[in-house]
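K.L.:
Here the protein sequences come in this chain order: A and B. If you're matching positions, the first sequence starts at 2 in this note's numbering and goes up one per residue. If you're matching positions, the second sequence starts at 2 in this note's numbering and goes up one per residue.
To be clear, the hints were calculated from the coordinates, so they are not data collected in a lab. Errors might be hidden in some of the hints.
Stated by the list, open to error - The calculated lysine-lysine pairs, modelled on DSS-like cross-linking and capped at a C-alpha distance of 27 Å, are:
(1) B:K150 - A:K292
(2) A:K358 - B:K34
(3) B:K150 - B:K161
(4) A:K249 - A:K234
(5) A:K292 - A:K405
(6) A:K4 - A:K31
(7) B:K41 - A:K295
(8) A:K249 - B:K161
Said to hold, decoys possible - So the derived list for chain B, only partly shown, Cβ under 7 Å to chain A, looks like this:
(9) G12
(10) F16
(11) K150
Stated by the list, open to error - Covered by chain B, per the in silico footprint, the following chain A stretches (three or more residues, Cβ under 8 Å):
(12) 159 to 165
(13) 298 to 305
(14) 375 to 387
All of these numbers come straight from a predicted model, not from anything done at the bench. We put the beta carbon where it would ideally sit given N, CA and C, even for glycine.
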Amino acid sequence: MEKLALSDRILMSVEKPARYIGNEVNMIKKDISKVDIRFAMCFPDVYEIGMSYLGIQILYDMFNRREDTYCERVYSPWPDLDKKMREENIPLFTLETQEPVKTCDFLGITIQYEMCYTNILQVIDLSQIPMYAKDRKKGDTIVIGGGPCVYNPEPIADFFDMFYIGEGEISYDALLDLYKEYKYSDMTREDFLIKASQIDGIYVPSLYDVQYNEDGTIKSVKPLYESVPKTVKKVIVNDFNKTTYPMKPVVPYIRATQDRVVLEIMRGCIRGCRFCQAGMIYRPTRQKNVKLLKEYARTMLDNTGYEEISLSSLSSSDYTELQELIEFLMDEMRNNHVNISLPSLRIDAFSLDVMSKVQDVHKVSLTFAPEAGSQRLRNVINKGLTEEDIMNGAREAFKGGWSKVKLYFMLGLPTETDEDAEGIAELAERISEEYYDVLPKEERQGALMITASASYFVPKPFTPFQWAPMMMPEDYLKRAYHVKDTFNKQKNKKRLKFTYHDHEISILEGVFARGDRRLSKVIYDAYKAGAIFDAWTEFFDRDKYIEAFRKNNMDMYFYTAREREVSEVLPWDHIDSGVSKKFLIKEWERAREEKTTPNCRMQCQGCGVASFGGGVCFEAKN
Amino acid sequence: MKLRIKYTKTGVLRFISHLDVMRYFQKAVRRAKLDISYSKGFSPHQLISFAAPMPLGMTSLGEYCDADFESVTDTEDMMRRFNCVSTPDLVITDIVLLPDGAKNSMSVVAASDYLIELSEEGKKCPENFKLFEEALKLSEYENLMILKKTKKSETYTDIKPLIYEMEHRVYNHDYTEYTVPFSNKENTECHEGLYMMLAAGSVNNLKPDLVIEALLSKAGMAYDRFNYKIMRLETYMEDEKGLVPLSSAGQRI
Ligand code: SF4
């Protein structure tokens with residue numbers, strides 16, 4: 002009989018018991034008495050979300066290639082199970098062995114968005130591991146964080162023993178080897194942490210002292226010891242063709258958000274949009290060889306049985322061998338009944354042709370992300386998409402049979418005015434007019450529908466907008482209403498739709514994105530008051546946070562609304578993403594001058610990441 | 002070519018809903034590279050239909066589906082290819098080629114048989130064994146009434162006519178042989194429990210837990226599903242010989 006951590010009685014009383022039973026196809030099985038290191042890998046959200054995340058599948062495969070290591074998975078228990086586990090004092094367990102997480106050597110948490118912070122506390126707490134790193138002793142599970150949020154991990158620094166800055170493929174071997182030495186010797190925990198901090202990309206927050214100015218800004222962040230590096234530079238893979246990739250990803254029983262083979266074709270982005278953190282921290286752009294990708298596609302489809310494959314990258318159209326890859330996939334797959342899903346493609350003749358072949362144009366929408374309503378503001382954010390691009394794309398698409406268009410925007414961007422925002426409605430209107438102009442009545446199939454949605458801009462660390470104020474929520478709402486009014490004035494308003502994101506969650510995201518260590522108390526108090534699954538609107542409870550800020554005598558808007566001087570010490574200044582501050586300052590200035598900056602392939606801007614020695618920075622030199 | 006496939010759903014798959022089992026099955030067919038037929042259009046799907054699935058929480062050795070194939074090899078080869086890319090909890094145990102015009106499995110189901118064992122939790126309380134004593138008394142009863150509740154009304158129905166067989170059985174480890182009655186020997190390799198064959202299908206469908214509930218209420222006990230494990234052994238259709246397994250509709254290839 003199989004072993005499960007939860008009884009049938011509990012499993013049958015919660016939603017989707019399949020979230021907790023493991024045993025999926027391609028799950029790795031190992032004998033725990035024969036490994037030295039057990040690494041619990043956690044995505045702090047519900048199973049279906051976590052299982053869809055490629056990064057964990059990559060690391061899971063990579064760790065399990067080590068014979069001495071067993072990587073097991075763990076996800077956040079949904080609130081229904083959370084309650085039962087607390088009532089019955091059941092420790093959180095991994096899916097593979099169904100053994101408590103606290104019996105593992107590491108708990109590795111990937112941190113993809115700020116609003117999962119209380120879920121991290123939930124996982125540590127349910128695992129029955131001491132919540133604060135300072136209370137852990139030798140023998141306690143080491144809690145390590147990775148992912149984009151660790152470029153500023155300060156708000157959650159107190160809960161982690163260490164963070165891994167950069168791509169997992171590089172330094173984990175060194176860390177695991179060091180850990181083994183620590184585990185089987187009398188090395189102290191302090192010694193282990195100091196030695197770990199000397200491994201490239203490993204940041205041990207407890208080894209740094211933070212001093213504050215009277216106005217609440219940071220005075221200094223200094224390592225406690227000589228031997229601890231002053232800054233921690235991210236580590237990345239240079240030769241992207243030589244990294245490991247999971248050929249046998251775990252296939253969930255229940256439908257995950259990403260229910261398909263995911264083929265990572267490229268890391269990084271050449272575009273340099275000034276609001277985009279991913280575009281900066283994943284520099285330089287590196288791509289995978291198309292031959293390799295063809296082989297991966299076949300093998301992964303064979304090993305999983307998925308009937309769909311999707312390409313993953315920040316901007317697939319910039320993948321230089323895209324045409325060859327897609328033609329191969331279409332050829333290869335036509336006979337094998339595989340669907341191809343194509344995210345983030347620039348709309349042009351090629352992509353429209355491909356899309357019309359792989360999907361039903363009457364059902365799917367055409368997507369554009371102008372991000373800002375006016376050309377002026379698009380220059381400020383360095384979004385290279387012009388109105389002409391959009392109009393040309395839309396025209397061709399309408400001729401090809403599309404009649405649904407989605408437009409993505411942000412509100413609250415630096416220097417934004419009411420006029421810029423009105424541009425959102427006007428652009429939607431012009432697209433609708435284009436439809437009626439190009440298509441004679443008899444050729445119009447399906448009803449035209451243009452949906453514009455706006456999110457609330459959150460400035461992120463390591464972007465040129467890291468110094469920018471985040472708009473106050475009341476101003477954001479005012480602006481959103483204004484856009485809505487403008488929509489109602491348009492001639493074709495019946496064919497246009499406008500929606501905008503909730504502001505309450507975004508404001509907290511803004512606080513945590515650029516927050517400092519003092520926020521750990523707020524997060525802790527909000528969690529203790531019952532906050533979990535904050536990224537889910539149905540669970541998010543703003544009052545718990547308001548109360549936590551009040552209790553700690555802290556002000557949310559100190560973190561969001563202030564424009565920072567470029568001379569200010571930022572909470573993440575001791576982390577080095579490879580992109581120089583000089584470059585970011587220059588981009589911040591150019592933004593305010595409404596000047597665009599060419600992308601990496603047009604003209605290198607000397608942003609600093611050439612120091613890694615690979616990727617797009619050296620393309621021309623090959 | 003239409004094949005009828007018999008498969009198991011055991012172990013942790015008791016927590017997987019029927020919809021997800023179907024999705025799982027289709028992926029496994031692809032991994033096994035069985036040459037199944039697809040519908041046409043933008044999102045083609047496999048031409049496969051499933052019969053009378055077991056509800057969540059229960060296991061089965063007798064699940065069936067019918068599927069169209071472009072080409073086939075033979076039963077042994079196709080089973081082997083599927084089973085080596087599937088979990089041990091869902092394996093194919095038989096494949097037969099259906100004659101032209103055979104009715105689909107869903108519509109021919111007439112009965113199913115089950116083995117009810119005590120769960121680990123159930124064994125802890127000796128009272129739960131009363132189910133087996135009550136079952137032996139069934140032949141003495143004229144009827145076995147249950148209360149059927151719908152939104153509008155409550156009616157009593159007699160389910161005894163829908164119970165075709167009921168006895169104690171002890172099965173060997175892989176359920177291929179059994180003895181009657183209880184051995185009473187502590188043998189973890191064996192499965193001891195209450196065997197019952199019940200009407201199933203679209204006309205008269207009797208769920209095993211309803212029977213357990215009715216029997217227990219005779220003993221004045223409430224039914225707690227977690228005290229028992231319910232496993233389906235086989236699904237039957239009716240032909241001139243009487244009730245035969247659904248796989249009897251065709252020939253092995
Ligand atoms: S160094 Fe130049 S090419 Fe390389 S990422 Fe920076 S701007 Fe782009």
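K.L.:
The structure should be examined with respect to each hint, and the outcome stated for every one.
P.N.:
How the hints compare with the structure:
no. : hint            : result
1   : B:K150 - A:K292 : violated (63 Å)
2   : A:K358 - B:K34  : holds (25 Å)
3   : B:K150 - B:K161 : holds (18 Å)
4   : A:K249 - A:K234 : violated (32 Å)
5   : A:K292 - A:K405 : violated (35 Å)
6   : A:K4 - A:K31    : holds (14 Å)
7   : B:K41 - A:K295  : holds (25 Å)
8   : A:K249 - B:K161 : violated (51 Å)
9   : G12             : holds (5 Å)
10  : F16             : holds (4 Å)
11  : K150            : violated (21 Å)
12  : 159 to 165      : violated (count 0)
13  : 298 to 305      : holds (count 4)
14  : 375 to 387      : violated (count 0)
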